[in-house]
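Protein chains in written order, with our numbering: chain R, 3 to 115; chain U, -10 to 103.
Quick caveat, the hints were computed from the structure, so don't treat them as lab data. We treat Cβ as the ideally placed atom computed from N, Cα and C, and that holds for glycine. Don't take each hint at face value.
Looking from chain U toward chain R, a few residues come up when the C-beta cut is under 10 angstroms (computed) [unchecked claim]:
1. F62
2. L81
3. K95
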Amino acid sequence: DVKVTQSSRYLVKRTGEKVFLECVQDMDHENMFWYRQDPGLGLRLIYFSYDVKMKEKGDIPEGYSVSREKKERFSLILESASTNQTSMYLCASRGAGASYEQYFGPGTRLTVT
Amino acid sequence: GQQLNQSPQSMFIQEGEDVSMNCTSSSIFNTWLWYKQDPGEGPVLLIALYKAGELTSNGRLTAQFGITRKDSFLNISASIPSDVGIYFCAGLPPFGGSQGNLIFGKGTKLSVKP
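Looking at chain U on its own, in the form it has when it is part of the complex (with noise of 0.2 angstroms):
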C-alpha cells in the first residue's frame, strides 16, 4: 500500500532555531494534513493543504504542499519549548482511498532545549 516518509524522524534543537520536516511518498496525494501530538495526548490538526503547491501559514508554523504531489514539508521558525511533541503528516490517496482514509506518516519528535 501506499506509505509516507516522514523525516527526520527526531530533532533536538535549541529554543529560537527554525525547524524543518517533511513527508514524502513514491505516490500522489490530494490533501496533506500535518498534526502535532503533545505528550500522553491525542494529535491536533494544525495545517490542512489542499491544492499542490499551496502555501499555507498558521502562527510561527508554514506548511506547503509539494508541487509534485509526492510531498510536504512543516516549517517552524524560531521554536519555543512549547513547540515540543510528535509532528505527523497524513495524507489522502487520489480516490479518496479507502472511504477517504488518511496514511500517516511515523512522526518527527521534536526536542527543545531552552
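Looking at chain R on its own, in the form it has when it is part of the complex (with noise of 0.2 angstroms):
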C-alpha cells in the first residue's frame, strides 16, 4: 500500500511567521504534489515536482515555495505565514508511467493568526 505522511495534523502559526510543512512517502513515485483545499473551491494546486530537485508552479504558487532535495520528501514553505494562507493542505505522490493515480497523505489543517 501506497503510504503518504504530513509532519502535522493540525498546525497553528501567527501571521509573519515562516512555515515548513514536510510530506513523505514510501512508494519511490517519481511526482508529488501540494494542494490546498477550501470550502466552496475545492482542491487547488500549489506546486508539484516531477523529480528530485525539479519544481514546477502550479494554479496557485503565490506566497509559497517548495522543496524537494530527496525523492521521498517534499516540504512546502510559507515564507510569510499570512491569515488567507489557512487551509488544509494535502500532499499526493504518484508514480512514473500510464497510472495518473495519485495517493493523498492525511493532510494538515493550518491556521494563521
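Two independent chains are provided; combine them into the complex using the hints.
Rendered as C-alpha cells:
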C-alpha cells in the first residue's frame, strides 16, 4: 500500500512566521504535489515536482515555495504566513508511467492567526 | 482551462438508499478517478477508469467512464452511515495535461441519516 505521511495534522502559526509543511512517501514515486483545499473551491494545486530538485508552479503558487532534496520528501514553505493561507494542505504522490493515480496524505490543517 | 462540473453539490439520504453522482465537462478526458474524503482526512482513491465505456465496481460502488469521454458516474448501492464524506471526481486531460496532472471536481458531500 502507498503511504503518504505529513508532518503535522494541525498547526497554528502567527502572521509573518515562516512555516514548513513536510510530506514523505514510501513508494519511490517520482511525482509529488501540494494542494490546498478550501470550502467551495475544491482542491487547488500549489506546486508539484516530477523529480528530485525539480519543481513546477501549479495554479496558485503565490506566497509559497517548495523544496525537494530527496525523492521521498517534498516540503511546502510559507515564507511569511498570512491569514488568507489558513487552509487544509494536502500532499499527494504519483508514480511514473501510465497510471495517473495520485495518493494523498492525511492533510495538515493550518491556522494562521 | 478545463473544468469538471460535479453534481449534486450535496446529498442527504436515508440509510439503505442508492446514491448517484456525476462529473461532466465540455472537454474530453483520458482517465477518470473517484476519491472519497472522510471528515478531517485526505482523499482516498476508490476507483480508476481508463477506457471510454468502462464500468468498474469496488464493493457497493460502481463507476462508469462515459462513452463520450466527457463524463463519469459513481453509484453507491444500499448506503450505510460510513459512506458519509465528500466524493471527488478527477480527470486527466488528453496529452497528459500539464505533466499529467489531474483536474478535480469540487466534490459531492454525502450525508446519511440512519
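Against the structure, the hints come out as follows:
| no. | hint | verdict |
| --- | --- | --- |
| 1 | F62 | violated, 19 angstroms |
| 2 | L81 | holds, 5 angstroms |
| 3 | K95 | holds, 4 angstroms |
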